[in-house]
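A.B. asks: Based on these hints, arrange chain B on the given structure of chain A.
2 protein chains.
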Amino acid sequence: MNIILLSGGSGKRLWPLSNDIRSKQFIKIFKKPDGEYESMVQRIYGQIKAVDPDATVTIATSKSQVSAIHNQLGSDVGISVEPCRRDTFAAIALATAYLHDIQGINEDEAVVVCPVDPYVDLSYFECINSLYEAAEHGDRNLVLMGIQPTYPSEKYGYIKPAQDANGNGGFTFTEKPDRQKAEEYIRQGALWNGGVFAYKLSYVLDKSRKLLGTSSYSKLFNGYRDLEKISFDYAVVEAETSIEVLPYHGEWKDLGTWNTLAEAMEEPIIGDGRLNDTCSNVHIINELGIPVLGMGLKDMVISASPEGILVSDKKQSSYIKPFVEAIDRQIMFAEKSWGSYCVLDVGKGSLTVRVTLDPRHKMNYHSHEHRDEVWVVVSGGGKTVVDGVERVVKPGNVVTMPAGCKHTVIAGEEGLELIEVQLGLEISVLDKRKYEL
Amino acid sequence: MNIILLSGGSGKRLWPLSNDIRSKQFIKIFKKPDGEYESMVQRIYGQIKAVDPDATVTIATSKSQVSAIHNQLGSDVGISVEPCRRDTFAAIALATAYLHDIQGINEDEAVVVCPVDPYVDLSYFECINSLYEAAEHGDRNLVLMGIQPTYPSEKYGYIKPAQDANGNGGFTFTEKPDRQKAEEYIRQGALWNGGVFAYKLSYVLDKSRKLLGTSSYSKLFNGYRDLEKISFDYAVVEAETSIEVLPYHGEWKDLGTWNTLAEAMEEPIIGDGRLNDTCSNVHIINELGIPVLGMGLKDMVISASPEGILVSDKKQSSYIKPFVEAIDRQIMFAEKSWGSYCVLDVGKGSLTVRVTLDPRHKMNYHSHEHRDEVWVVVSGGGKTVVDGVERVVKPGNVVTMPAGCKHTVIAGEEGLELIEVQLGLEISVLDKRKYEL
Chain A
1 MNIILLSGGS GKRLWPLSND IRSKQFIKIF KKPDGEYESM VQRIYGQIKA VDPDATVTIA
61 TSKSQVSAIH NQLGSDVGIS VEPCRRDTFA AIALATAYLH DIQGINEDEA VVVCPVDPYV
121 DLSYFECINS LYEAAEHGDR NLVLMGIQPT YPSEKYGYIK PAQDANGNGG FTFTEKPDRQ
181 KAEEYIRQGA LWNGGVFAYK LSYVLDKSRK LLGTSSYSKL FNGYRDLEKI SFDYAVVEAE
241 TSIEVLPYHG EWKDLGTWNT LAEAMEEPII GDGRLNDTCS NVHIINELGI PVLGMGLKDM
301 VISASPEGIL VSDKKQSSYI KPFVEAIDRQ IMFAEKSWGS YCVLDVGKGS LTVRVTLDPR
361 HKMNYHSHEH RDEVWVVVSG GGKTVVDGVE RVVKPGNVVT MPAGCKHTVI AGEEGLELIE
421 VQLGLEISVL DKRKYEL
Chain B
1 MNIILLSGGS GKRLWPLSND IRSKQFIKIF KKPDGEYESM VQRIYGQIKA VDPDATVTIA
61 TSKSQVSAIH NQLGSDVGIS VEPCRRDTFA AIALATAYLH DIQGINEDEA VVVCPVDPYV
121 DLSYFECINS LYEAAEHGDR NLVLMGIQPT YPSEKYGYIK PAQDANGNGG FTFTEKPDRQ
181 KAEEYIRQGA LWNGGVFAYK LSYVLDKSRK LLGTSSYSKL FNGYRDLEKI SFDYAVVEAE
241 TSIEVLPYHG EWKDLGTWNT LAEAMEEPII GDGRLNDTCS NVHIINELGI PVLGMGLKDM
301 VISASPEGIL VSDKKQSSYI KPFVEAIDRQ IMFAEKSWGS YCVLDVGKGS LTVRVTLDPR
361 HKMNYHSHEH RDEVWVVVSG GGKTVVDGVE RVVKPGNVVT MPAGCKHTVI AGEEGLELIE
421 VQLGLEISVL DKRKYEL
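Sequences listed follow chains A and B, in order.
Going by my numbering, the letters in the first sequence line up with residues 1 to 437, in that order.
Going by my numbering, the letters in the second sequence line up with residues 1 to 437, in that order.
Simulated from the structure, these hints should not be mistaken for laboratory data.
Some hints could be false.
Any copy, or any two copies together, can satisfy a pair, since identical chains are not distinguished.
[Said to hold, decoys possible] Calculated pairs, DSS-like style, for lysine-lysine (alpha carbon to alpha carbon, straight line, at most 25 Å): (1) Lys-348 - Lys-28; (2) Lys-49 - Lys-32; (3) Lys-362 - Lys-348; (4) Lys-155 - Lys-315; (5) Lys-336 - Lys-383; (6) Lys-348 - Lys-394; (7) Lys-434 - Lys-210; (8) Lys-298 - Lys-315; (9) Lys-394 - Lys-406; (10) Lys-12 - Lys-253; (11) Lys-298 - Lys-12; (12) Lys-321 - Lys-298; (13) Lys-383 - Lys-394.
Only chain A is shown next, with the shape it has when bound in the complex (with noise of 0.2 Å):
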């Protein structure tokens, strides 16, 4: 089975845990039997692989995540990089180019198109198992999964199945309609739209030559920035008339806000927190290393991370975008391909960074303009290199670098934790030249 995995948004609805560089899907905020947590595309990913091993994921997503998806999900995976955002028509053509120029995979084949963020249980990619064989095997050119409504909701899509004069079957498409119309569509026997598609890769490569005039995968990425940003319902379903829906009809949550994710999560607090017995309804993710005490609360959710402190009533906290969106702040923590860093303090001409290197990686060869660095080492052990210089060091060890020079950190066996401090007036993250070692 091919998949395609959309995962996109800079997830400011899930702030303090999700910021511009770390979307929702990368939160660590499900249970695994063994006690670890793992993340929404980790869940997902482990979900697709326990149906079917051999699977081929390839994601489709921007620069900005590459890092992330990489540490959470190895190297295994497919990446289609997103020059930048152009909706899901333009993402899907690349995705399907992608993986029929890059990964050489015959325009016979079929691929699954899914969002990465869906919370939902086995049966579902048996579902879309059965979408990849139709669409395979099948005489539609799209299969979608019809997802069985469990309540009128006016935010999502719903398909509708349509009868022509002749009693041929056929489907229209509606979006977010308001409760009374959403109650009629459900008595119909209407469906929400997942967004989950099957197609050959020769039914998109086709779409793709006829509307943006190209199915190449270099040329869709090299243009990508001239592309229309349509979505992919628009552009190609709603005009579609050869389409088949299967239904599908277990759990199914969308994960979009603090009230549907505390719902998904396996016990009401994660990280380090504690509430009286006079709470209830109330859920604590504290990703910060203090405790959070809760008193007297009802239906609320508290998260903390290095970004901010949310305290929300659970319906309240669906309209957090604008607020999230008026604060205006350095982001202060980050996964990198190389690990992790964290920022601690924030002074006039100073910066204070904890950077966690995992075993065997390495920063980039780098150097910085307007800023002088100081680099303690506190855990793991591993290897430096400024101005061509190497050295190894362990924990106590210091490394100053002047404002010019080049520099890098190597870990060893164990990986590599150091406290870096930034000196300058000047300090910001676009200040960084980068070298070959």
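C.D. replies: Below, chain B without anything else, positioned relative to chain A:
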């Protein structure tokens, strides 16, 4: 006017702003006309000086508060340091002896003792001035302040007027009656006992000799640990028949809980906090450098500091103490005689701290047996001494101190800020040896 302010308590009930070494009276929470914030102790000291610029103020407290008092009030204030806690009779006896023996105040002069933490208006100090005058020039041994009750509280002590068989006035004292009794007392004209006493020094010196065997400051100080734990109310007031009570009708709040403290705040938010318009009666006090966002909250207090994060219904906040006692953690920030420190990161074999030295202040010259330290100066400037070697330092300079080496830092005219990385497997505040420089 001579005043003794009793400054006690570790203040767990205002966690996370107060901790074992920062009591609630030092939290800067009251907005001054100039927009700066001041603490309870700063506010009450300023009020005393506004009513009597020549007032001699002595603070009776424990050693752990001396640095904070000097930081916040300067060096003009007298401090009677209690070697350990021995309740209010011993504290008042020691402070009275301090006034007499150390400050040379004549035993015919009066003094007023009052707690450091009531939230009151200026008329309270005019009433205190009247107590002072009455004690110095009147014919009673003790003059007390009686606070006009505003509700039948079960938390306070009551002073009830009583008449003997000859119609002469007297008073009886009752602690924490139930609500019904409290209502009855108020009908009978009882007042709250605010713990404010005025007397001539000779009166308490005499009591000290009778009850403790000495009125000598040095003998009381040196034998303090063996003094009986007993309250001044119990040891002196309740046994005294020559008492006058002056009523106080102004504002009086006991700021012992988040609920009452929030009521005394000029504005609902201190620090970086935002509330959406569905919030009502919510207070935020945020000492962390990251934003707090509250949505859909009612009747709540949110407080964040390096010690932790409290999210509490206002009424529930009065039950906080046992929960805080269960949080057994390292002290994360503290005021010192030379400035302050704040823990930024706790690692397995490391601790990262931001150290701020006030202008021209210095640490003790000291060493650690079980940890290495690294200083990175990030702002200001000054001088370090390491094993006797002096060095002028400025931002970017790095000082390394292996275990066992003697070290200190002395701030220059603009103060000095440094990031200290402690390295070792047994990092403890107790691992410190001091030396003469």
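A.B. asks: Does each hint fit the structure? Answer for all of them.
C.D. replies: Structure-based check of each hint:
In the homo-oligomer, the alpha carbons of Lys-348 and Lys-28 lie at most 25 Å apart only across protomers (22 Å), although the nearest pairing inside one protomer, at 33 Å, exceeds that limit. Taking the shortest Cα distances, Lys-49 and Lys-32 sit within 25 Å of each other inside one copy (15 Å), while across copies they are farther apart (63 Å). Proximity of Lys-362 to Lys-348 under the C-alpha cut-off of 25 Å is restricted to the inter-copy arrangement: shortest distance 22 Å between copies versus 29 Å within a copy. In this assembly of identical chains, Lys-155 and Lys-315 lie within 25 Å of each other by CA distance solely inside one copy; the values are 15 Å within and 38 Å between copies.
Taking CA atoms no more than 25 Å apart as the test, Lys-336 paired with Lys-383 passes inside one copy only; the shortest distance there is 19 Å, against 38 Å between copies. In this assembly of identical chains, Lys-348 and Lys-394 lie within 25 Å of each other by CA distance solely across copies; the values are 14 Å between and 30 Å within a copy. In the homo-oligomer, the alpha carbons of Lys-434 and Lys-210 never lie at most 25 Å apart, since the shortest distance is 40 Å inside one protomer and 81 Å across protomers. In the homo-oligomer, the alpha carbons of Lys-298 and Lys-315 lie at most 25 Å apart both inside one protomer (12 Å) and across protomers (14 Å), since each shortest distance falls under that limit.
Both within a single protomer and between protomers do Lys-394 and Lys-406 lie at most 25 Å apart by alpha-carbon distance, with minima of 20 Å and 23 Å respectively. In this homomeric assembly, Lys-12 and Lys-253 come within 25 Å of each other (Cα to Cα) only inside a single copy, at 18 Å, whereas the closest approach across copies is 42 Å. With identical chains, the CA atoms of Lys-298 and Lys-12 are at most 25 Å apart both within one copy (24 Å) and between copies (24 Å). For the identical chains of this complex, Lys-321 and Lys-298 are neighbours both inside a copy (22 Å) and across copies (21 Å), given an alpha-carbon limit of 25 Å.
With identical chains, the CA atoms of Lys-383 and Lys-394 are at most 25 Å apart within one copy only, with a shortest distance of 9 Å there and 28 Å across copies.
Comparing the model with each numbered hint stated earlier shows that hint 7 is the single one that does not hold.
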